[in-house]
Amino acid sequence: MGYDWNSTLKLHIVSLKILGLWPHKLTYKFNLYAIWTFLLFTTFIICHCTFQAINLYLLRDDLSAVVGIFYILLIKILSFFKGYYLIKNTSLLNDVLQILEDDIFQPKNTSQEEMVKSNVGLWKIFRHALVFTYYGCNSFFAIYPLFDKTEERRLPFLAWYPYDSQASPAYEITYVYQVLAVVYNTSVHLHVDSLVCVFNMYAACQFEILTDNLKTFVKENENVVGENNRLLLKCVQHHKSILEYIQKCNVFFNWIVFFQFFVSSISIGITMYHLTLVVPLSNQFNSLILYWSAIVVQIFLYCFFGNEVQVTSDKLSYAAFESNWMELSVATKKMLIFFTMNLQKPVQLSALDLFYLTLDTFMRIMKTAWSYFAFLHQVGN
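The opening position of the sequence shown corresponds to residue 2 in our numbering, with each subsequent residue numbered one higher.
Don't read these hints as lab results, they were simulated from the structure. Where a beta carbon is used, it is the ideal one built from N, C-alpha and C, also for glycine. Where hints are given, some of them may not hold.
Keeping only pairs whose Cα atoms sit at most 30 Å apart, straight-line, the calculated DSSO-like set for lysine-lysine is [what the hints assert, rightly or not]:
#, residue 1, residue 2
1, 89, 11
2, 30, 109
3, 368, 241
4, 249, 11
5, 220, 118
6, 241, 125
So the derived label-pair ranges between C-beta atoms look like this [to be verified]:
#, residue 1, residue 2, range
7, 290, 220, 55 to 61 Å
8, 29, 154, 39 to 45 Å
9, 149, 312, 27 to 33 Å
10, 259, 327, 23 to 29 Å
11, 27, 353, 19 to 25 Å
12, 133, 372, 26 to 32 Å
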């Protein structure tokens with residue numbers, strides 16, 4: 002029994018099933034589950050975004066109100082795209098999970114298993130940070146109107162409704178609806194982001210396993226020439242399988258990452274500007290800080306695990322030279338040279354070939370967000 006790659010994904014798969022985004026055998030059919038998906042997605046994302054968008058239009062002449070609605074609305078629209086592309090690419094997700102079950106992806110010894118467990122342990126720490134910032138932020142948004150000292154009844158989010166949302170019991174029902182909507186939106190973000198990060202973390206794990214195999218594949222014995230050749234061919238096949246896995250993963254999250262980076266840079270800039278408009282250390286100020294932190298953690302993890310794929314793939318070409326390659330036959334040495342030449346260029350994950358998932362991209366996003374903030378600050382003044 003090999004390492005269970007699905008063990009880290011089980012929590013997210015179960016959660017996505019509840020959210021209506023993980024059908025049986027990753028195939029949508031016209032059944033009760035499809036109706037469940039439609040009802041949840043329409044009620045808690047499409048309708049919720051529509052009510053806020055209408056309110057944004059009605060208040061379009063008030064810059065402060067527009068800013069207060071827009072930066073929240075953007076992230077909720079982003080959850081729509083994440084859910085949509087998850088639903089659209091279910092067959093691709095199934096292919097990715099099938100590739101992970103291939104024996105060639107299994108750790109070959111205790112040392113390699115420890116490498117995988119170390120990476121999974123690091124991911125679990127980051128996952129706790131995601132859960133804390135995501136749900137902590139939205140919990141604050143959900144409860145701070147209850148402690149607001151103004152006499153006016155306030156909802157967690159500014160939105161237009163075709164009825165008087167200030168009168169009872171409409172106010173209480175609308176309040177609960179907004180809380181449920183934000184929990185659903187947050188859960189979509191959390192579990193789709195987690196899928197992308199775990200898939201990238203697994204890619205880095207595979208490069209580490211392949212690196213270890215390349216360092217140790219040479220057997221120092223005159224009678225094992227054929228065995229060395231077979232082990233090297235297995236390394237070549239492993240590399241091809243990793244590239245196929247990464248290519249499918251990249252197709253799955255191409256648009257997700259593109260929208261994530263685009264929306265995040267705008268949202269961070271708007272949030273920073275909004276912080277200059279509210280009273281420091283007030284409930285609204287604290288909720289904005291948590292919101293800003295959640296977005297920064299979100300894009301950092303995308304970039305961090307994407308960067309790990311690049312770093313670990315870059316080590317492959319050096320690993321071959323750390324093996325006892327001088328013991329190889331001439332034919333196997335030639336094969337190793339050709340293979341090493343193919344390993345010279347590190348693998349980079351991208352969003353539509355426009356942005357690479359690297360720490361350098363993370364810094365560029367933060368700089369872009371600062372530019373948006375400076376622009377809004379100048380317009381506001």
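Right, here's what the structure says about each hint:
Distance hint between residue 89 and residue 11 is fulfilled; the C-alpha atoms sit about 21 Å from each other, no more than 30 Å. Proximity of residue 30 to residue 109 is assessed by CA-CA distance (about 39 Å); at most 30 Å being required, the pair is judged violated. Of the pairs offered as hints, the one joining residue 368 and residue 241 is violated, with about 36 Å between alpha carbons and a cut-off of 30 Å exceeded. The hinted pair formed by residue 249 and residue 11 meets the criterion: a straight-line CA distance of about 20 Å does not exceed 30 Å.
For the proposed pair residue 220 and residue 118, the alpha carbon gap of about 27 Å is at most 30 Å, so the pair holds. For a cut-off of 30 Å, the pair hint linking residue 241 to residue 125 stands: about 28 Å separates their Cα positions. Range check, residue 290 to residue 220: Cβ separation about 58 Å, and the 55 to 61 Å hint holds. Distance hint for residue 29 and residue 154: a CB-CB separation of about 40 Å, consistent with the stated range 39 to 45 Å.
Checked against the given bound of 27 to 33 Å, the beta carbons of residue 149 and residue 312, roughly 47 Å apart, lie outside it. Take residue 259 and residue 327: their Cβ atoms lie about 47 Å apart, and the range 23 to 29 Å is violated. A beta carbon spacing of about 24 Å between residue 27 and residue 353 agrees with the range 19 to 25 Å that was offered as a hint. In this structure the hint that residue 133 and residue 372 lie 26 to 32 Å apart at CB holds, the actual value being about 29 Å.
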